[in-house]
Amino acid sequence: MDTEVLDLTALEAEDSPENDRPRRQRKLSGDDLAAATLAAISGGAFAWVLRILLGQHGIMGTAIWWYIGALVVFFLIIRDRTDSEGALDKIMTTLIWSAGVLVSALLVWMLSYLVFKGIPKITASFFSEDMSKVGPLTPGGGVKHALIGTIEQVGLATIAVVPLAVLTAIYLNEIGGRLAKPARFVIDAMSGLPSIIAGLLIYTIWVTYFGFSGIAGSMALLVLMLPTVTRASEEILRTIPDSLREGALALGAPQWQLILRIVLPTAMAGLVTATILGIARAVGETAPMLLTAFGSDSTNTNPFKGPQSDLPLFVWKLIRLPNETSQARAWAGLLVLVMLVLILFVTARYISGRSQKKLGRAS
Amino acid sequence: MTAIDENHQAGLLHHEGEPATLDAVAVSAWFGSRKVLERCSLTMAARRVTALIGPSGCGKSTFLRVLNRMHEVVPGAAIAGRVELDGADIYGRTMSATEVRTRIGMVFQKPNPFPAMTIGDNVLAGLKLSRSQVAGRDDLIEECLTRAGLWTEVKDRLKEGGMSLSGGQQQRLCIARALAVRPQVLLMDEPCSALDPISTRVVEETIAAIGHDITIVIVTHNMQQAARVSDQCAFFLVETQKEPGRIVESGETKKLFDSPDDPRTLDYVTGRFG
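These protein sequence lines map, in sequence, to chains X and V.
Each residue of the first sequence is one higher than the last, beginning at 564 in our numbering.
Each residue of the second sequence is one higher than the last, beginning at 1454 in our numbering.
Some hints could be false.
With a straight-line cut-off of 25 Å between C-alpha atoms, the simulated SDA-like cross-links for lysine to any residue are [stated by the list, open to error]:
(1) V/K1612 / X/I714
(2) V/K1581 / X/M623
(3) V/K1612 / X/M831
(4) X/K880 / X/I714
(5) V/K1612 / X/R808
For the record, the hints were derived by calculation from the structure and aren't laboratory data.
Working from the sequences, and respecting the hints, build out all of it.
Here you go:
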């Protein structure tokens, strides 16, 4: 009788609300941290000795030796505490983390440098003025003409690319005729095309007859965007489960209705992402634009006639000038360009994230 | 275009709602050079439920897909023999694959509602995909969902996406979607194999309820299910690995389960192999 009561209270204690708290298993223990710190210090000592012995002067070599030394010491400490299997696991984790940190650091460094150099010139007037009345040493001036050019050129190219690319992707994935294989091969080959060749092509077949213009630039961009958007669209169509196609066919749907009403609406978000990826690829192209849109200092809103500037050309032209005002404008122009690409990428991520959710629930 | 549409409509009106007998005559089927079905003949009578049973890989699903020309969707697929819907060859020149499939509907193993459509639009999908206009859509949605045993569960959420339903509900939505086209025959390819027991029971009740209105052919791995839902049965078997599947025996379900003619059927239905 008594023991039973005791057991019950013990059970209650185990079951008490205080014990019902979330407990996270920590991956990084204090011991590991201590070992890593120790390894970092001894790695530093090792690198310093080497530096003196080898007579190194730069930072790079010492940093690499420090990293290698720290890694070895870290391995030895962990192996002493556990076993070589566990130590190897820790080393691999460290290597992968370092790679990630290195790449992110590079990106952050690049972006912050760009923001640091570009931000002083970013004012309201930078977006409302062009370069037509601005001398190399005078203040003022802006990217209005280049921004208009970029939006028009990339916009026109996108309008042409989207139907072409989506139709091609439908041919490759939904219809898959005898030409699908060679078409896919050509598209893959095209995606490796150096961009200046696209410029030269349009220069030869268009600019020599009709002169420089924004639309010539759009044509060059079209050649560059087409493979990117087509292949991305094809990949998106491939993610649509065949069960949906069979379901539609079994209801008596002709193929064009199946594609129009089932495949394309289901793939819509992904196709938008594919298009934005293509735009992001095209918006920073410089070399082909030199041979097609040519660039200009004044605002030309008509993409069909006369040379037109765009953001890459704006930057390319100004960054080569020696005076500080021009350099500052070039950096600010670069910042505007990167911001444009960033906005596009964030939009793409947001849209594709939503579509993933949708498809995730489908499976 | 309009002429074709009108003919199409006339054809649909002609058969609409009327159950029909499906007759497979010496059907063989291939995937590339591999023969998977050998001269299978089976009459699936109107207003009756026919179950196709047999171990995995014996060609039941292929046979089912031959019945509404879904077999030919697979690249390299070929068939021999005839399939007649009330005497008219569905592989003949007068019938298109799309017409065959509106008259002979299909429900798949895995529920496949269209994710980009609402529940209501999913029900009407077949009509939208094959015909231009839909008259009285709300009534049709209610009728089909009621017949599929789903109406009370979803009547307040017709505007939600088809993916928001549970697996069993999705499958019943697919049945409602197939019924909305008013097929004469409904083919079901293991419709309950991805469902829990309770959903399975609801789907079986649905089959029992609609089985008197249209012709149903159901593939199932579950012997008890075949015994519960079907009026007649066909037993498929592959003798050795490389041979095509054949119909060993067919007939009334009761007879096939109680006193089959073929010893192999007896072995299978009593669970001695397969």
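Hint-by-hint comparison with the structure:
1. V/K1612 / X/I714: Violated, at roughly 38 Å.
2. V/K1581 / X/M623: 67 Å, violated
3. V/K1612 / X/M831: With Cα atoms ~19 Å apart, V/K1612 and X/M831 stay inside 25 Å; holds.
4. X/K880 / X/I714: The hint holds at about 19 Å.
5. V/K1612 / X/R808: 22 Å, holds
Hint check: violations occur at hints 1, 2; the rest are consistent with the structure.
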